[in-house]
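> Given next are the chains, with one letter for each unit.
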Amino acid sequence: MTPSGGIAFALVVIGAAMITGDLVGLAAPLVLCAVFATLEVRDRAVTALAWSAGIVAPLALFLCIVWVGVVGRSPEEIAAGATGTRVAALAHVATVCTRLFLVALAIQLVLLHFACMTPLQFIRAMRAPSGLKRLLVLTLSWIDTILHAVDRSRTALITAGIIAPRLSVKNAAHGFILVQTVWLSVITIALGRLRDKWPAENTLARLDEALQAPPQPLRFADGAWLAAAIATAIVAKVA
Amino acid sequence: MQRELIAGPNFSGRSAALREKLRRGETFFLGPYAEAALSGLSSTVADEIAVYARAGQAQGFAALDWAPLGSRKPATLSGGEQVLLALHCFSRSSYGAIGIDTALEQLDTRNRAAALDFLSRAERGFDVTLIDNRLERAPEGWRRQDATPTETEYACDLAGVLDELHPRAAPAISISGMDFSYKTGRAIFRGVDLELAPGTAYRLIGPNGAGKTTFFKLLVGVLEPQRGTILLASRPYRPRRDGNRAFALAAQNPDHQWCGATLAEDIARRRRALGAADSTVSPSESLLASLARKLGIRAPDQLLYELPLAARKRVSWLWPFSGAMPWLMLDEPTIGQDRDTRIGLGAIASRLCEIGYGLLVVTHDDDFATRFAHRALRIEGMTIRPE
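Respectively, the protein sequence lines represent chains A and B. Here our numbering is used: the first residue of the first sequence is -15, the next is one more, and so on. Here our numbering is used: the first residue of the second sequence is 114, the next is one more, and so on.
Since the hints were derived computationally from the structure, they do not count as laboratory data. Take these hints with a grain of salt, some might be off.
[As the list claims (entries may be wrong)] With the Cβ distance kept under 8 Å, some of the chain A side facing chain B (calculated, not the full set): (1) T143; (2) P149; (3) I173; (4) G176; (5) A184; (6) E185; (7) Q200.
Because the structure is a prediction, the values reported are computed rather than measured. Ideal Cβ placement from N, Cα and C applies to all residues, glycine included.
One chain only, chain B, in its complex shape:
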């Protein structure tokens, strides 16, 4: 049995090295997001497990009780839950090896520890090849392979991004009595009362599947609370009726946020939509082009889905950093990002708060969270409370 950690910075060929090690047809592959984590052949969680489960492999990795979730569509699970489901499927399968490309970075502290423990136990008899930016050292008994850093066309200059940030006074947010349940009846929030001050970073904490991304969707108007009010600078805020004019979102999976085939098209459409409502805050083309270069994209006409995933993740921060909206929502911004990038991102988060923006961050990356002053908000028991 071999356990191997492929270490190195972004664009050093780690993913290519991982793929070379995969025995074609014999290795379970766990990529960073649903499309590379789940089979895509199942309409329900129970079916996903059935595709992989084999007789004699009944004792699986079970960080979650999957029985009550059996009828859920896998796509409706949170990012972390999808990773846990994939690990459960692998543990019930007959595969002799698993390759994991940054997927464990989506797990909360407890589930991540459980997953690493499962992968490290020698008696389970399978090979593991892992890419994980948060493992500074290989766990005991693991081999470490260092990928060689190379010149890359996607190199970014996050220190330079600091010079491009412009002050903006974010409005205070006041949420009172907010309830939300999905149409399936699954209750997520009950009676949420919350005050969010401008110039402050808030870190949303909670286990995988607690409702962190759902909270973001409620604030931008994709979902509508059944009850409760949201005030923005003491005025009623109804994004479902009036549209989102306050929050710029960098999604957990960057491919969930594109509004065009190329960065140029994406940005043009965002500017047009924003300009139609309030032309005074629409960021200039030159600012956006400069930010794009500093985030590692020198050809805005390149098709987004042809960029490496780490580069797509970085460029997903472009719109939030442009100052188009006074509040920024960063959903697991450090997934797939190396140490230097995470440090640079921490500095940007600090600077944004200093110059008046409000920041909502979902991250299970404790090291990243120590790099900017923040207040913790815990999602637990269907409510959100400051810690």
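Just chain A, with the same shape it has in the complex:
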């Protein structure tokens, strides 16, 4: 499978999850993801499942409290002016959460399938305009910069005793200091790059050169998985 095929597969699965309206329809893309995980990702699929569940769990808890606990009926029942039941509200929450779970799972499975590639290798192998590739690299760079700034700000504040290393009420009270120091860190990092490093080197032009690669033709596996995903989307819609 190529990176472009993987991205197309994930997009179609996500589309399938979006166009279906109920849990029955969502079963089809879930089965497809299970097959993809078994054949293409294998042992690491557990990581994808855990990561996706971790993302959905807080939302599921919140939606259960709001819709099942407080509102007590589904949005459709509210729109129809019906009395409604908590079971219907629960089904609504399950649908929303399963949909989000599928989106996270599809992305994770595809990323794990290409785990042997570095981000730059993955982006270089994509069939995409150079501007889009550069944008993706810069986005990842921005994310890494923020994560690095969080790490060094946290280190500074723990060392100074302003926040605690573990969960604490003090951290909630001083959270704004962490936010401020993170952004100050981001500024100093960005200044270092933009004032000195990048202009001297024309680093972005080097990046463009590094991203240039002959377009990789789609393989049989790409076509097969894409066809399966499209068929699944049709089944999900019809169901």
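Dock chain B against the given chain A, drawing on the hints supplied.
Here is chain B on its own, set in the frame of chain A:
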């Protein structure tokens, strides 16, 4: 091919002279810390190399074997390793020139010698412009340009700092059976047993990436050992649970330690945090203001990131010198500092030990280390041993 050393004291315009010499878009720039040493465009070491590497430039400067480190995030490398990575990237690139602003000062003796040898070899066919405080003379075959010292608003008075230091009895530290590995599985320490006496300076020695900064992070509670105990004055010390109440850190990169946008804000927050735990040791505002002036900062409300890097590095010593904590940890304190400042800092280190503080210093600067009495601790083979 030109090799040029720009010499001179701090604030003499060396960095500006270096930037004037850079051919825009054609020169590899290697600044003192990660943000000016690495491209910032790579999520892994392998990608950083790929951004710069060009066909036909396969034989690079390789002080380290980068293959096993390919999947590491560049930001997780030590300061010295980041410099070595940048030099490797340059050596694999097609750039015809390199400008280096004090970055080589982060390298250990062996790697520094290898880097200078690589830069000095004429057959490699590139220009070099270098600022390095530890090179008293230009290497053979290099040209030397002397920057002219000028009056500066950031001038410091390190002899005056000696008058501001107040005695404090540091507790003895006892570490036994300490193990630490990062979550990635990379083991750093195994079964470390160590006794640290008050009134003593210890110099941590080890190659780039050995775990010197990690040791500091364990002592302040940023990281937690998987096993082992730390005793402070024979009492259990658990900074992860109770917070750091013993160590004042001056970080290798001063921008890694600020707790506010201005010095005034940074200090106010530190004092408040310390006062909440033990108001008796919180340094007074007048002492801090006096120390700040003597370290070259006359306007505490100035934004820290607008100060020159050498000035930021000096003011990063303020909190440790204030006596807020009984143990001081100085991580590569002399990076970017001229000879006079390094001599003054050596005198302060000596004085601090005389009046009861404990001192942990990481430095690859052998000349600086000769300026204060110390005991060497070698980090090697995942343990720390007195030499």
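> Determine for every hint whether it applies to the structure shown.
Verification of the hints:
1. T143: 5 Å, holds
2. P149: 5 Å, holds
3. I173: At about 4 Å, which falls below the 8 Å cut-off, the nearest Cβ of chain B leaves the hint on I173/A intact, so it holds.
4. G176: 3 Å, holds
5. A184: 4 Å, holds
6. E185: 6 Å, holds
7. Q200: Nearest chain B Cβ about 17 Å off; hint violated.
Violated hints amount to a single one, hint 7; each of the other numbered hints is respected by the structure.
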